[in-house]
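Number of protein chains: 2
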Amino acid sequence: MNKEVSGLNVDSCVLPFLPMLYVAWSDEVISPAQIRSIENVLSTSNCLQADQRQLIQKWLDPANPPSPSELQSWLSYIRANSSELPIDERRSLAELGATLVEGDALPKSCPTVNALNEIETQLGVLGEEATAEMLGKQAIVADKPAQSNVDVKTLNAYLDGEHAVLRNSVRQFFLDPKLSLDRIPENKDDYRELIFEWCELAAQKGWGALAFPEHAGGKNDVALYMAVFEELGYHDLSLTIKFGVQFGLWGGSVFWLGTEKHHHKYLKDIGTLALPGSFAMTEGGHGSNVRDIETTATFDPDKDAFILHTPNELARKEYIGNAAVHAKAATVFAQLVTNGESHGVHAFIVPLRDNDGTLEGVRIEDNGRKLGLNGVDNGRIWFTNVVVPRENLLDKFGSVDAMGNYSSPITSQSKRFFTMLGTLVGGRVGVPYAGLSAAKLGLTIAIKYAEKRTQFGPGGSDEISILDYTTHQRRLMPLLARAYAFHFGQQYSLGRYVNKTEDDGQEVEAVAAGMKSLCTWFTTAALQECREACGGNGYLWENRFADMKADSEIFTTFEGDNTVLLQLVAKTRLSQFKESFGNMGFVSTMRFVTDIASTTISELNPVITRNVDREHLLSRSFYTAAFKYRESYLLRLVAQRLRKRVKSGMDSFDAVLECQPMMVDLGRAYIERLVLEQFVEGVKAADESIQEPLLDLERLYALSMIEEHKGWYLENGYIEPRKAVYISKMVDELCLKTRADSAELVDAFGIPDGLIKAPIATEYPYQ
Amino acid sequence: MNKEVSGLNVDSCVLPFLPMLYVAWSDEVISPAQIRSIENVLSTSNCLQADQRQLIQKWLDPANPPSPSELQSWLSYIRANSSELPIDERRSLAELGATLVEGDALPKSCPTVNALNEIETQLGVLGEEATAEMLGKQAIVADKPAQSNVDVKTLNAYLDGEHAVLRNSVRQFFLDPKLSLDRIPENKDDYRELIFEWCELAAQKGWGALAFPEHAGGKNDVALYMAVFEELGYHDLSLTIKFGVQFGLWGGSVFWLGTEKHHHKYLKDIGTLALPGSFAMTEGGHGSNVRDIETTATFDPDKDAFILHTPNELARKEYIGNAAVHAKAATVFAQLVTNGESHGVHAFIVPLRDNDGTLEGVRIEDNGRKLGLNGVDNGRIWFTNVVVPRENLLDKFGSVDAMGNYSSPITSQSKRFFTMLGTLVGGRVGVPYAGLSAAKLGLTIAIKYAEKRTQFGPGGSDEISILDYTTHQRRLMPLLARAYAFHFGQQYSLGRYVNKTEDDGQEVEAVAAGMKSLCTWFTTAALQECREACGGNGYLWENRFADMKADSEIFTTFEGDNTVLLQLVAKTRLSQFKESFGNMGFVSTMRFVTDIASTTISELNPVITRNVDREHLLSRSFYTAAFKYRESYLLRLVAQRLRKRVKSGMDSFDAVLECQPMMVDLGRAYIERLVLEQFVEGVKAADESIQEPLLDLERLYALSMIEEHKGWYLENGYIEPRKAVYISKMVDELCLKTRADSAELVDAFGIPDGLIKAPIATEYPYQ
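Taken in sequence, the protein lines are chains A and B. Here the first sequence is numbered in the working numbering, starting from 9 and rising by one per residue. Here the second sequence is numbered in the working numbering, starting from 9 and rising by one per residue.
Because the hints were derived from the structure by calculation, they are not lab data. Note that the coordinates shown come from a computational prediction; the quantities given were computed from them, not determined experimentally. One thing to keep in mind: the hints can contain errors.
What the hints assert, rightly or not - No more than 25 Å apart at the CA atoms, straight line, and that leaves these computed lysine to any residue pairs for SDA-like: (1) B:Lys652 x A:Asp621; (2) B:Lys460 x A:Trp390; (3) A:Lys652 x B:Arg482.
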């Protein structure tokens, strides 16, 4: 049964293909690669006879496309023969095609329908959109979102959590005129004194001692201390870091590495800032490689004392906070030597200054001006045979008796070193909080400004809010989602840290190190984007980005360089992997492939890798599986690559060296997965009234991360090209949706206007 | 003919598949997706009978993999039966497999060999590597590079180009103790005076007037001026910008928008800095939207003068360089109104200060401290009915006679506006030079430091240079390649600008705007990465990143926000496209698909999209085609999307709004392609003695950009997954290779140590 269409005598078997052909040649963008895949389906399907197939192939030939009049006649035919379709019925191209066989609709199982369905799946063409257009209806697009109805109060209470009262008192404290940011002077020396004054005010509130025992004026509660530290991130970061150096690093080292006698002697004065001190670990020659620091602490039995000494120029203690001006003492890390034998890195309390200045044998030099944090007095310290009494060894993990005999509860030097360092992980738990608060503040400023700032508008009409720019939504909304995600990730990290046991220590440290890396990189990136999004206004000091950017910039380096930390995270994951899979011998390699294949084979089913349904893309099962797959695949891949190199005779150091970038990826994938899971848990646990906006943010976080890694997912066949396109479309849509709530979502951070302070956020447009 | 292998009676047809099977299950990482594609090849090939195919499929079943002993027996068999293979002969898996059919090697055209070749192509398995390993040889890996033999002197001369002498005199000038960066004070007021002093010293050399006519003390040569401006980027960027504001913006506006009378009256004093001035275009309410500024200049025939007026608070002139302290006059942009009619934006010379201070009707407020560039005195200006004589209208593009009659050589207000702005494109040509110089300096510091800085090393051995870390190479080497690429891109942009005619004006402006965007984003990213790569040392003020980062950070915003500029670039490309394709009606859409399909169909040939040969990946034809494809595809895609929206009844403003992110991508793709082409031309034109290192950089630039966009290329079927993996491998290799030359490659920038100044680059390791 032939039909007269566009001057051709078209076999009715070909008719069902017309809608597909029309779409291929009209507006919807079909790439040559996709045209090829249509041909593939046709050539393997038995729905057509050779001559019919040839006709369609001819119509698909890019070198010889159908003429406009041919296309027009197809369209007329399609429209004329589908006019009875219910107006709102969503139809696939296959269904539409099937109705074109007059009076004799094709059965659902017919090869032609199968082929069309296959083509539609492969192309990922949105059938309803394409058919609606062909039939002359408006395409179905996401509506512009209505006004936000986010319950800011409930959301804020949820984010503030159990320490809301303490948090609020810190925020109120900042509104005291004494704490005004306008007091910050240009001169770094004056700035340092101001910060010291502020730090004293905070200490007077008892906040510095919160993590210390009660006998030292504290509450023995690290979580309270961290809540204060997190709030400090909204004020001046020099204060935050000065506070952290004094109470967290200096106080923390005495608390964690010392014993009762040290606690009773020092902690109270540390908590009140009566005894300002430093944490002197890093050396000029050894940034992240603490194990190889060169300062020595040699026991002298005659003096019953340790002799602290800096053996060469680069072994000076470097970038030591509090050291240039204020510290009276420091916890100094040095190689403990006694009876001619070295026992590795230990910590010693070393007095640095009295009221008359620097003590004998101690030389301190100012690190001078820095990129930021100029309210913190960093300095370099050299020791020339400085004598400190034996009792100044912080001896929780190793002690020396009067005869110079060394003893330790931990026999292995290596294990001792890592145990000791492990107790100091609090710094890595804290830093991302400070960074995240700065990022939240930056987003608050950028979003509040963008909401009110107008620029170009439609010709002759009013200018529109720059937050209506899709570019601007794309710049800010995924960052807002990430800030929320990291919020829940940090809650988890802190919880793990607070409840840390000996057994899970390594994992807790890995989580802290990884969160520190990702969160601080996020801070740097978010503040950069927010500054740019505020244009010239973002560059003015009054609008906060200047200091927030400069001050937080070093977070990616201190407490461990992020790139190094992520390799540490990867190593922890690998050792966990090794535990469950034996020594990576031949059999475990076998298991690798088996394991990865069988656990993921269902996800790599083409139906899933090509699935572009909204419900699927927005489902937790899709995106959590994607995050897990990436982590687990990278883990096994790195394990295998390392093993392969070592097996082939390569030094294990060189093997790791070659795999570094992939280890960084692995560390990142692990934390990203963990953050997503924590976000999901956080959303599930939230009050129903705030679930919807949180769920949108969760989805935006998840899909924008998958989009960021789409190269990897495509490379590994986890998603097919069209699916990547649809994920991007979904991110666009979620950005638009979040934009409607964005002012409320930043309000929920609960930063008072007096603390936001930036005129572009609180006073714009100026009258 | 059956063979006893691993306890199975294996049909000899199956034997050739053993090497492939072994590789699939052993070290080389084969993903489940790839296992699936092996099955696909087998099922469509007629090389095997059903039972043979089933056997192989069984061996590929992830749920039931071959046992280790089976694998071992396969390996033994392969080794035993291929022992006669020449040791150095590179064999594919197919060739190796073919030799396993004892005494009866398979012909090259046999279906089995074809299938194996197809599998190998699809998987992209490096045959020679895999076979070498199976046969017990070491894998072939890239050797660690030898010492560099880059001819620094020749390369430096090539980069310096024709103005080498001038460049060197600027560099020498900076070494004068008067110009020492150590003189930079913390206090912004002192800093501004120092910068003014430095600017005067530069003016005394005649550098400020280089672009001006001879009667004004100049040489009428913009290229000379730009060479000086580029060199200034190595010193303090506040000086660079102050210099640019005074001579480029203030002087440039008088030169380009004024006529002879203005030139003779002002330019000489501007060039000597006797008449410091401002360029007052931007308003508080209108950042990038200059057309809608609100300041008015209303002609009053009675006074024969214009009345300059700021109608509301946000219409104040904002962030105006030189305004807060030094400017005596300014070019003020305002809506020209005469006889009750507005003629759009025009420029007027408005006196601001005399020796007694601000003039009547002028109010100036200091913008205060900024994120950076604190040596430049930015301010806000309000005008309250300020009267300026009629002759102060810069009247090249529009004049008003004594009666208040307006006339212009350009009738269309819109065309006049864009022509006027077009003459000011010099700023956009210049800014990226300043940014690029800062980036080059940052890379110089980071690479020189990394070369000497050692950290972790193999257990018990010396620490190694951190530049041997693959992570560090990955951080810095692609950036180094990009710095070189932008160098040639900027040369082109300047060349086009210098030779600009009326016909190519729009294109020249697009190139300048696009280069400005990409170059300044590159600067921000490169300096961030370099700072982090230098760790804590990078944070010390003495090591230069503090100021370079802060000062250059605003480059992404001023002279036009980068995101807005790239949309401008895209619009220019679209209008060029429209010119050649008509009005985007039905027929042109047809042409779109035809065009893109026929010009690229050959590249999308699977043989090419899967080709992972070294020669192919490193070939100019591969990567230049990839860059071109991306640009041309995005161009057509954006055109089509815009058309589709407008056709469906959407307001054209809204249509553009929805397509913004893609337009930004298009602008970017255009400039990236152009930069690559200019890099290629630059390498071709170089002396043979320096071609090799330049070619490596060109390849690194090209492949690392493709890697950055791999998501896009995969999404669009331009490369297949395995090819993406091999491109990344090639980037690794090029990073390693470039690392060997990197110290020389930064030396070739020719920045003297006294100007580099950072102790970590010039004095490390400290003694």
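Structure-based check of each hint:
no.: 1; hint: B:Lys652 x A:Asp621; verdict: holds (23 Å)
no.: 2; hint: B:Lys460 x A:Trp390; verdict: holds (22 Å)
no.: 3; hint: A:Lys652 x B:Arg482; verdict: holds (22 Å)
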